[in-house]
Every structure is written in C-alpha cells, then in structure tokens.
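Chemist: One-letter residues, chain by chain:
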Amino acid sequence: ETGVTQTPRHLVMGMTNKKSLKCEQHLGHNAMYWYKQSAKKPLELMFVYSLEERVENNSVPSRFSPECPNSSHLFLHLHTLQPEDSALYLCASSQDQGGGQPQHFGDGTRLSIL
Amino acid sequence: EDQVTQSPEALRLQEGESSSLNCSYTVSGLRGLFWYRQDPGKGPEFLFTLYSAGEEKEKERLKATLTKKESFLHITAPKPEDSATYLCAVQQGAQKLVFGQGTRLTINP
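So the sequences go chain by chain: D and B. The numbering of the first sequence is this note's numbering, which starts it at 1 and goes up by one. The numbering of the second sequence is this note's numbering, which starts it at 1 and goes up by one.
It is possible that some hints are incorrect.
Simulated pairs of lysine-lysine, DSS-like, Cα-Cα distance not exceeding 30 Å [to be verified]:
| # | chain 1 | residue 1 | chain 2 | residue 2 |
| --- | --- | --- | --- | --- |
| 1 | D | Lys22 | B | Lys96 |
| 2 | B | Lys68 | D | Lys22 |
| 3 | B | Lys96 | B | Lys68 |
| 4 | B | Lys59 | D | Lys18 |
| 5 | B | Lys68 | D | Lys36 |
| 6 | D | Lys18 | B | Lys68 |
| 7 | D | Lys41 | B | Lys68 |
| 8 | B | Lys79 | D | Lys41 |
| 9 | B | Lys42 | D | Lys41 |
| 10 | B | Lys79 | D | Lys22 |
Part of the chain B face toward chain D, derived, beta carbon under 10 Å [unchecked claim]:
| # | residue |
| --- | --- |
| 11 | Ser7 |
| 12 | Leu11 |
| 13 | Phe46 |
| 14 | Lys63 |
| 15 | Thr65 |
| 16 | Lys69 |
| 17 | Phe72 |
| 18 | Gln101 |
Listed next, the stretches of chain B that the computed footprint assigns to chain D, with coverage defined by at least 3 CB atoms under 8 Å from CB atoms of chain D [what the hints assert, rightly or not]:
| # | stretch |
| --- | --- |
| 19 | 12-24 |
| 20 | 74-84 |
Derived from the structure by calculation, the hints contain no laboratory data. On a predicted model such as this, the values are computed, not experimentally measured, just so you know. Don't be surprised by glycine CBs; every beta carbon is placed ideally from N, CA and C.
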C-alpha cells in the first residue's frame with residue numbers, strides 16, 4: 001500500500017460524459033502532480049500544485065481541469081474527452097523544498113474512452 | 001531542451017546473470033536524477049536519488065551510479081522478482097521531472 005491513493009482504479013466513459021479522478025496523499029507533502037502514461041511513451045507531466053497553487057500547466061487541453069482544495073487532495077475533472085485520452089493517469093506527491101526531493105506515486109486510474 | 005534516453009528498451013536475463021541499464025541525459029543544472037521501478041498495473045516505486053557525478057547508491061541487488069552525462073543501474077545476481085520496468089528521470093526546475101521511456105527487464109528462473 002502506497003501513501004498516495006487514487007480512485008477509481010478503472011474508469012470507462014463516453015466522449016460526452018463528465019467524470020472526476022481523485023487523489024489523496026498521506027505523506028504530509030506540500031506538492032502534488034498529475035501525469036499521463038500512454039503505451040510506449042514516457043510519463044508526461046500534466047499539472048503541478050505547490051502549496052495548493054498551480055505552478056505548472058504543461059500545455060494540457062482544457063478538457064482536463066485540475067483542482068487542489070488542500071495539500072492532501074487533488075482532483076482531475078474530465079469532460080468531452082477524445083479516444084486518444086485513454087491512458088493511465090498517475091498522481092504523485094513530494095515535499096517541495098526547491099528541488100531534489102523524490103516524487104511518490106499512486107497506482108493510477110486506468111481510463112478508457114469509448 | 002532537457003532529454004532522457006534509456007537503453008536497452010527491453011532486456012531478458014537468466015536468474016543470477018548480472019547486467020546494467022543505462023540512462024543518458026542532457027539537462028541544464030541537474031537537481032537530481034531519480035530511478036523508479038514500475039510493476040504492471042502499479043505506479044512507479046521510488047528507488048534512488050543521485051545528486052552529483054561520482055555518487056553511488058545501493059539497495060539489495062541494485063546499485064545506481066552517476067556521471068555528468070549518464071547513470072547506470074547495475075543489477076547483481078538478479079532474481080525473477082526483479083522483473084519490472086525501470087524508469088529514469090531528471091529534475092528540471094523545482095518540481096518538474098523529465099522521464100525516459102523505461103527499460104523492461106525480465107529475469108527468467
């Protein structure tokens with residue numbers, strides 16, 4: 001069991017649906033991240049929150065909308081997704097001290113777009 | 001632009017057969033190089049952080065080393081449970097990690 005919990009583990013949705021992914025960290029960290037992992041491609045950083053403020057938005061389409069209500073919780077709201085958005089979405093957290101601290105990952109949400 | 005290249009893409013070894021995985025990188029101002037292990041259906045599990053050339057870290061059968069251009073993950077006398085995908089990442093800026101595409105390691109009994 002990791003210190004970062006993601007729900008749901010699996011999600012199948014149509015292109016017109018709206019759903020949300022949830023991430024909770026129990027490590028006392030102050031930074032949280034969303035990554036996308038597609039087959040045969042490196043992990044792609046999507047969003048970074050540090051002290052509940054978004055500090056990085058890596059050219060992600062507006063159909064993905066993050067929310068960080070506090071330092072322990074992170075959401076990714078999804079709407080009007082495309083088939084190419086099918087992937088494993090990973091949440092991570094770290095202690096942001098200006099660099100050099102490892103990120104700890106959850107087990108991801110496997111998303112399939114019909 | 002910061003880049004991370006891992007080789008080989010896949011490696012198959014017999015149990016007990018030692019080998020090394022390579023991670024070549026280009027980054028302006030390295031703040032840390034990270035190694036992760038990822039099992040199927042799981043998220044990446046943190047293994048090591050290396051900060052400067054010449055540094056080495058060890059954990060059980062794994063040893064990570066770092067030079068100014070590359071890092072190696074040496075696996076000594078591996079066991080089938082060491083089978084996984086091994087990911088390398090470099091830190092760009094305060095938070096951003098740039099990942100390689102990974103090496104899929106299979107250890108046959």
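Chemist: Hints first: check each against the structure and report whether it holds.
Modeler: Hint check:
no. : hint              : in the structure
1   : Lys22/D - Lys96/B : 21 Å, holds
2   : Lys68/B - Lys22/D : 38 Å, violated
3   : Lys96/B - Lys68/B : 20 Å, holds
4   : Lys59/B - Lys18/D : 44 Å, violated
5   : Lys68/B - Lys36/D : 29 Å, holds
6   : Lys18/D - Lys68/B : 46 Å, violated
7   : Lys41/D - Lys68/B : 25 Å, holds
8   : Lys79/B - Lys41/D : 27 Å, holds
9   : Lys42/B - Lys41/D : 16 Å, holds
10  : Lys79/B - Lys22/D : 35 Å, violated
11  : Ser7              : 14 Å, violated
12  : Leu11             : 17 Å, violated
13  : Phe46             : 5 Å, holds
14  : Lys63             : 18 Å, violated
15  : Thr65             : 18 Å, violated
16  : Lys69             : 19 Å, violated
17  : Phe72             : 19 Å, violated
18  : Gln101            : 5 Å, holds
19  : 12-24             : violated (count 0)
20  : 74-84             : violated (count 0)
Violated hints, listed in ascending order, are 2, 4, 6, 10, 11, 12, 14, 15, 16, 17, 19 and 20; each of the other numbered hints is respected by the structure.
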